[in-house]
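Q: Quick mapping for you: the protein sequence lines, in order, are chains A and B.
Every letter in the first sequence is one number past the one before it in our numbering, and letter 48, counting from 1, is 48.
Every letter in the second sequence is one number past the one before it in our numbering, and letter 13, counting from 1, is 13.
The set of hints was computed from the structure by calculation and includes no laboratory data.
Quantities reported herein were computed from a predicted structural model and do not represent experimental measurements.
Just to be clear, a hint being listed does not mean it is correct.
Residues of chain A clear of chain B, computed beta-carbon distances all greater than 12 angstroms [stated by the list, open to error]:
| id | residue |
| --- | --- |
| 1 | I40 |
| 2 | E51 |
| 3 | V80 |
In silico lysine to any residue, SDA-like type, Cα no more than 20 angstroms apart, as pairs [said to hold, decoys possible]:
| id | chain 1 | residue 1 | chain 2 | residue 2 |
| --- | --- | --- | --- | --- |
| 4 | B | K83 | A | Y108 |
| 5 | B | K31 | A | T64 |
| 6 | B | K47 | A | S20 |
Quick reminder that beta carbons are idealized off the backbone N, C-alpha and C, glycines included.
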Amino acid sequence: MTISRKCVPFTPFERELSKSTIAIVTAGGVHLRDQEPFNIADELGDLGYREIPPDVNSSQLMVTHHHYDHSDADNDINVVFPIDVLRDLAAEGFIVGLARKHIGYMGYTMQLKAMYEGTAREIANDIDKGSRADAVVLTGG
Amino acid sequence: MKGIPTVLITVSPEVSAQMRPPRALYPKGFKIGNSLGRPGMRDLQKKVLRNALELLGKNTRPGEIITIEYQEYGEQYEPPHVKKPA
């Protein structure tokens, strides 16, 4: 197995969970029904991402991704994008709340450099500047 | 930029390990497309998410993937393996 030689971007978590807001970033191709779907016709993959607001009704979310079976996510988006689950944890006081924005992108690309140096940094900056997230949960498909 | 703490929930631990995520949870045997569990299994989904978030404050070793087994998931699946170079 080839291991990345890049250093691990480890950021310590120094807050209590019960005082923390959490953002979700998923590679599972999740987006709002009225947002432009990811371009699955592009064999190189779609490098874009979609912002998802914290007050979204989960029935307004869908998946556009052709590299995994998302039939379960079509029935319950929480299996890859646990937005309602986060709300439950906030209601229980386990976390304080949801960040101001969450992100969906299509985690399939043949353009790894563009994904790593472009999309990933844009998402990180977007979360850093506008979401007030104290930590991020990452999910794949 | 100071950085934001992250925790990954992965159902492809060997593939994810190649990128050495700072913190990661593998819910053992969950199939691709079921990162949090099966549809409608809210209690299981909450347990997985709680366990993932709890890793944020634990002394994890960057690059290490923590495996947890959840009996209530039911039938387990073999995760994809990384081909070793010949």
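Q: Taking the hints in turn, state whether each one holds.
A: Here is how each hint holds up against the structure:
{"no.": "1", "hint": "I40", "verdict": "16 angstroms, holds"}
{"no.": "2", "hint": "E51", "verdict": "16 angstroms, holds"}
{"no.": "3", "hint": "V80", "verdict": "5 angstroms, violated"}
{"no.": "4", "hint": "B:K83 / A:Y108", "verdict": "18 angstroms, holds"}
{"no.": "5", "hint": "B:K31 / A:T64", "verdict": "18 angstroms, holds"}
{"no.": "6", "hint": "B:K47 / A:S20", "verdict": "18 angstroms, holds"}
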